[in-house]
Amino acid sequence: MRVHDFVMPVGPQSPAIKEPILLKVCLEGEEVQKVRMVTGYTHRGIEYLLEGKNPDQALYVASRVCGICSITHERAYVRTVENILGYDAPERVKAIRTVLFELERMQSHLLWAGFMMHEIGLETLFNYFWREREKVLDCFEKITGGRVHHNINKIRTLRYDMEEEDPEFILQQVRSVARKTRDYYNDCMKEEVVVSRLKNVGTIPKSMALEWGLTGPIARASGVRIDTRKIDPYDWYSRIDFEMAAGKRGDALERLKVRLTEVMESARIVERVLSGLPDEKIPPHSLSRVEGEGHARVEAPRGELFYYLRFKNNRVERAKIRTPSFSYMKILEELLPGMVVGDVPVIVASLDPCFSCLERVLVEKNGRVEELREKEFRRKYSCPG
Amino acid sequence: MGLKTEVLAWLFRRPVTENYPEQKKKPYQRFRGRIVYYSKRCIGCRLCERNCPVNAIVFHEKGRIDFDMGKCILCGLCRDVCPARPKAIAFSTEYDYSSTRKEDLKNLVK
Ligand code: SF4
Ligand code: SF4
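Protein chains in written order, with our numbering: chain A, 1 to 385; chain B, 1001 to 1110.
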């Protein structure tokens, strides 16, 4: 391998990339030759934090894995535990969970869309997308009591039922968000600046997407038809008919298309679920006893989220979380070479990485990455196991 | 409505942002803000202390519990498990209690 004389560090605190990641970019003129990715700036040891907690406590720790998709992590955790218990929630609980899940997707994609516009210099659209996102956050605050961390899911049930006026409020907000999103979507696709800046940038062909095992909007933008809501339906997704957004080219523009289409589709799902909301009482909350192991997956806004949990003496003994960002971040090292340096932030942002989700165990010392098995890791870094 | 009309229309409207801290947004009723502890209602069962995921609760005796709002993640589990009726733990809608001094990060007592 050639040694490149100029290595430019991008991140971990960079005005271009907002996430704590360090990309060592080797440049030849303007062109990127080689990239090395260094993570580890937001490692919190969350799987270790989960260990030793009782099932109800662990739910709240799990929901704090990520600040953008808190409901998703709660839902994945609850689905895992309910799988272990062999419990099937009442229809109304399922319906409300579906609504909240889709609201989460809407706000996450809107946040991303705004962020993307910011990266390519369209501050006005950035603010407009985020203004729409506020409406979804208002829904969350009204129903769950939290804007970012909602903590409404409970094992077997929900903390709050919806009030009588809530569905109307949600519908009003969601319709307005969908209408505006459609406007902005049309404008983006017509706007010269957006199209020329995003088209054929960071292209992931279908074969590459399959090879890397991508999931979520990125895979769908490359033409891979994969969606956990379709292939392993939970809650009301089997009852509700919805379109899977799909792209072809797999570049950043296609990813923008897919995500904005999903926002509109989520709004339709919310409308459909709310129109058929069953009228029944949700079970009261009580502390649970859980033994044994289980796993489950849900479709997070960024792709498939997988949980594995093992309980012993009513405590979490081992937790393994596979977040969507975890599976695809390494693709950057393959995607960036050959691009000009100005495209680096755009490509990174277009993947919608979430680093607090991503960071599990990766030990890097003196530029050398150690791969350790669980036992060795515990011994070396003194985590009593 | 296209983007251009939107931009033009918003030139003549009031901004959506608020003048915090002069103007404070009123949270919804379910909002979880600083914890309120009703010392008279507490039966001293310690369930809240035992279930807090981040050990933010220090139980001294029945009627005297400290909630460390610096540690608390506002999950609401302590309120959910509290067996006293009416519940001895509630959430106020006060959200801007950040402080530079640790002593200020306490719960409200009623
Ligand atoms: S709200 Fe949660 S973190 Fe805060 S004191 Fe109660 S149980 Fe502990
Ligand atoms: S759970 Fe409620 S009643 Fe029991 S000690 Fe805590 S505040 Fe008091």
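Read the hints as simulated data drawn from the structure, not as lab findings.
A quick note: this is a predicted structure, and the numbers were derived from the prediction, not measured.
Glycine residues also receive a C-beta, built at the ideal position from the N, C-alpha and C atoms.
Misleading hints may appear alongside valid ones.
Chain A regions said to be covered by chain B (calculated; three or more residues, Cβ under 8 Å) [claimed, not checked]:
(1) 181 to 191
(2) 206 to 220
(3) 310 to 321
(4) 327 to 339
Examples of chain A residues lying across from chain B (beta carbon under 8 Å, computed) [what the hints assert, rightly or not]:
(5) VAL61
(6) ARG156
(7) THR157
(8) TYR160
(9) LYS281
(10) LEU287
Hint by hint, here is what the structure shows:
{"no.": "1", "hint": "181 to 191", "verdict": "holds (count 5)"}
{"no.": "2", "hint": "206 to 220", "verdict": "violated (count 0)"}
{"no.": "3", "hint": "310 to 321", "verdict": "violated (count 0)"}
{"no.": "4", "hint": "327 to 339", "verdict": "violated (count 0)"}
{"no.": "5", "hint": "VAL61", "verdict": "5 Å, holds"}
{"no.": "6", "hint": "ARG156", "verdict": "13 Å, violated"}
{"no.": "7", "hint": "THR157", "verdict": "11 Å, violated"}
{"no.": "8", "hint": "TYR160", "verdict": "7 Å, holds"}
{"no.": "9", "hint": "LYS281", "verdict": "17 Å, violated"}
{"no.": "10", "hint": "LEU287", "verdict": "7 Å, holds"}
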